[in-house]
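Protein chains in written order, with my numbering: chain A, 39 to 509; chain B, 44 to 245.
Source of the hints: derived by calculation from the structure; they are not laboratory data.
Any given hint could be a false lead.
[Claimed, not checked] Derived CB-CB ranges, DEER-like: (1) A:Arg82 - B:Thr131: 22 to 28 Å; (2) B:Arg149 - A:Asp62: 25 to 31 Å; (3) A:Val129 - B:Asp216: 45 to 51 Å; (4) B:Asp126 - A:Trp139: 45 to 51 Å; (5) B:Pro170 - A:Asp62: 38 to 44 Å.
None of the values given here were measured: they were computed from a predicted structure.
C-beta atoms are modelled at their ideal positions from N, C-alpha and C, and glycine is treated no differently.
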Amino acid sequence: MKHLTHDQLWELAAAPTPAEPHLDTCLTCLSALDDIKAAQGVLRLMPEPPVMPAAMAKRVELKLADELEARQARRWTSWWPSMPRLAFAAVAVTVLAVGAWVLAKQTRVEPPVIADRPELPIVTPVPALAPSTPKLTATVASAKRARNSTAALKSTQTLSEGSALTTEKGGALWLRLPDGSRAGLTGASEMQLAKLEAKALTLDLERGNLALVVPHRQDRVLTVRAGDLEVKDLGTQFLVSREMGRIVVAVEEGSVEVKVPGQTRTVTAGRAVSYQQGQLDELAWLPAIKPVSKPEPQAANDAPPTPEIASAPSALVEEQTDKAPPPPEVDDPAAEWNAVPPTVNSPPVIDVQTQQYPPAVVVTVTPPAWFSLSEVERRMNDLRRQVASPFTQGGSLRQMKAKEIGRMADAGDNLNAIDAANDWLRYAHDPPEEQFVRREVLFQKMRCLRRLGRLPEADLVRRELEALPSR
Amino acid sequence: MTALLTSSHMHSDLALIEVDPLRALALQARAGESLAFTQLYERTREQAWRVLYRVVGQSPDLEDLLQEAYLQLMKALKGYRGDSKVTTFLHRVCVNVGLMHLRSKRRRPEDPTDELPEHESPESTDPERAAQVKQAALLVQQALATMSDEKAHVFTYHDLLGLKPEEISELVDAPVNTVRSRLNRARVDFTAAVTKLKGRTP
Chain A
39 MKHLTHDQLW ELAAAPTPAE PHLDTCLTCL SALDDIKAAQ GVLRLMPEPP VMPAAMAKRV
99 ELKLADELEA RQARRWTSWW PSMPRLAFAA VAVTVLAVGA WVLAKQTRVE PPVIADRPEL
159 PIVTPVPALA PSTPKLTATV ASAKRARNST AALKSTQTLS EGSALTTEKG GALWLRLPDG
219 SRAGLTGASE MQLAKLEAKA LTLDLERGNL ALVVPHRQDR VLTVRAGDLE VKDLGTQFLV
279 SREMGRIVVA VEEGSVEVKV PGQTRTVTAG RAVSYQQGQL DELAWLPAIK PVSKPEPQAA
339 NDAPPTPEIA SAPSALVEEQ TDKAPPPPEV DDPAAEWNAV PPTVNSPPVI DVQTQQYPPA
399 VVVTVTPPAW FSLSEVERRM NDLRRQVASP FTQGGSLRQM KAKEIGRMAD AGDNLNAIDA
459 ANDWLRYAHD PPEEQFVRRE VLFQKMRCLR RLGRLPEADL VRRELEALPS R
Chain B
44 MTALLTSSHM HSDLALIEVD PLRALALQAR AGESLAFTQL YERTREQAWR VLYRVVGQSP
104 DLEDLLQEAY LQLMKALKGY RGDSKVTTFL HRVCVNVGLM HLRSKRRRPE DPTDELPEHE
164 SPESTDPERA AQVKQAALLV QQALATMSDE KAHVFTYHDL LGLKPEEISE LVDAPVNTVR
224 SRLNRARVDF TAAVTKLKGR TP
């Protein structure tokens with residue numbers, strides 16, 4: 039006998055009056071039907087859902103709203119972990135964009151100029167005028183057979199910048215420069231006042247001899263130009279000579295800076311340089327011998343000066359005509375000299391007066407009486423002959439030793455300089471060309487003796503110097 | 044041709060919207076509009092409540108289950124293409140939430156607070172009737188908890204919610220015959236479970 043299926047029994051159980059003959063004879067199917075009826079009865083007992091409580095609905099709504107808001111926030115904040123990468127990417131894109139824009143701007147082709155575009159007037163910038171430097175003048179202190187380009191020069195005549203000055207043979211000219219310096223032009227010389235300014239004085243020596251007595255000042259530069267050679271004073275007395283293509287610079291006191299193409303050399307007192315055909319040679323120079331003062335009483339071993347020594351050395355005093363610094367400033371040259379410390383390098387007498395040379399105080403230098411232009415000319419001629427002499431140009435051993443003595447004296451090595459001078463003089467023979475070198479060696483010895491306070495010995499050396507024939 | 048296709052798609056969409064006015068709200072809620080989801084909740088909350096009530100009975104967890112059902116709906120809307128009724132979509136979510144609750148409840152000890160009714164029911168006036176109803180609901184819940192997931196879903200859709208096999212076929216994404224076969228087996232399991240459970244009860 040075939041039993042009924044479960045779905046058939048489920049349908050029969052749902053029916054109010056199940057009509058199935060099989061159930062009358064099959065207890066199994068009837069038992070199953072009872073179970074299904076019980077299950078369906080349970081299902082029928084299931085309660086109908088009531089109306090949803092409003093309070094619950096509101097609470098759920100609020101909770102959902104909160105959850106929606108939170109999820110909305112998480113939606114935005116979910117981007118936060120990737121924000122650094124996004125920010126970096128944004129910055130990189132921005133930098134690349136800006137760089138591309140800059141490159142595009144730099145390589146941008148200029149637009150074509152429109153033909154009918156009105157041209158703007160071209161304004162040429164006017165250079166600003168440099169502040170004009172006040173020009174100064176030089177004053178003629180004394181003149182003899184001297185003239186400028188128009189007429190003969192007279193004392194107290196003022197000369198402006200650019201003036202060309204010449205002296206005839208046997209003539210002489212002393213100028214008072216704006217800064218108080220004195221410039222002396224010997225006979226048969228020519229120079230030009232190239233620049234006369236407060237901070238720069240420039241003299242161009244065309245030919246002849248030029249003597250300068252210059253106080254050292256930091257606020258201006260005094261330059262003497264002679265061809266390619268340029269001399270800058272460092273506070274000194276010096277001479278410049280230009281003849282026959284040869285330029286000679288000799289330093290009486292202090293030092294100067296000599297500049298030629300390719301080199302610059304500082305020349306100190308007692309030294310000179312010769313420049314010709316691009317060659318600069320240094321040689322000894324015997325400064326003017328100053329009159330020796332009377333021996334000081336406290337020096338026990340000082341020998342009393344001879345009368346002729348005490349008097350002014352007439353041989354060194356320039357003639358009345360070319361005494362450049364007029365005597366009113368120095369009434370008694372001998373008295374002035376006595377006031378000078380007994381050193382050759384002592385500065386010259388300086389008078390301070392206020393002139394129309396703003397803004398600094400004008401320092402007027404009065405050259406010593408023995409610093410005459412005639413003597414300068416004579417000595418410079420001697421130097422020229424020395425430079426032109428085969429003896430000096432050859433550079434003999436005795437000349438080299440004489441130069442060495444001068445260098446030792448310049449360095450202050452007085453004792454060694456005196457010993458070297460004694461050796462040199464001991465073996466001295468007396469050729470005409472060596473007299474000048476002998477004079478230099480004696481001068482260096484006297485110089486060192488004075489420094490050591492051995493004045494009697496220095497006086498003896500001075501007498502020997504004066505005994506030497508002058509050329 | 045493109046214009047005609049577009050026009051026909053528009054007509055079908057409009058027809059669907061007319062048939063199921065909840066579709067537009069579901070699509071707007073899928074796009075992230077909170078207001079649309081709130082309106083969708085207001086319009087469907089009674090249905091969801093009834094489904095959950097039929098599955099889990101009178102339970103203090105109903106409120107949490109309802110909230111959980113809508114939260115899952117919120118997630119499920121991301122995959123909603125608008126080609127099905129929103130109520131069908133909601134039924135599936137609620138049944139799934141209810142059955143999951145029954146299974147979890149079966150695994151944990153019985154909570155005495157489950158017996159606390161929150162609202163007045165018709166049976167509350169008759170204590171004996173109320174006890175029978177409560178017993179019946181408990182049996183159904185326990186029987187459903189013992190059934191497999193497929194059978195429990197089909198049985199719930201058909202015998203608790205009253206859906207037709209064709210509707211269940213759409214919900215479970217299975218042929219109607221499969222639904223029928225699955226329903227028959229589910230009834231066998233349910234009857235056995237109830238019989239077994241009733242034999243334990245005093």
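Consistency of the hints with the structure:
no.	hint	in the structure
1	A:Arg82 - B:Thr131: 22 to 28 Å	holds, 26 Å
2	B:Arg149 - A:Asp62: 25 to 31 Å	violated, 40 Å
3	A:Val129 - B:Asp216: 45 to 51 Å	holds, 49 Å
4	B:Asp126 - A:Trp139: 45 to 51 Å	holds, 50 Å
5	B:Pro170 - A:Asp62: 38 to 44 Å	holds, 39 Å
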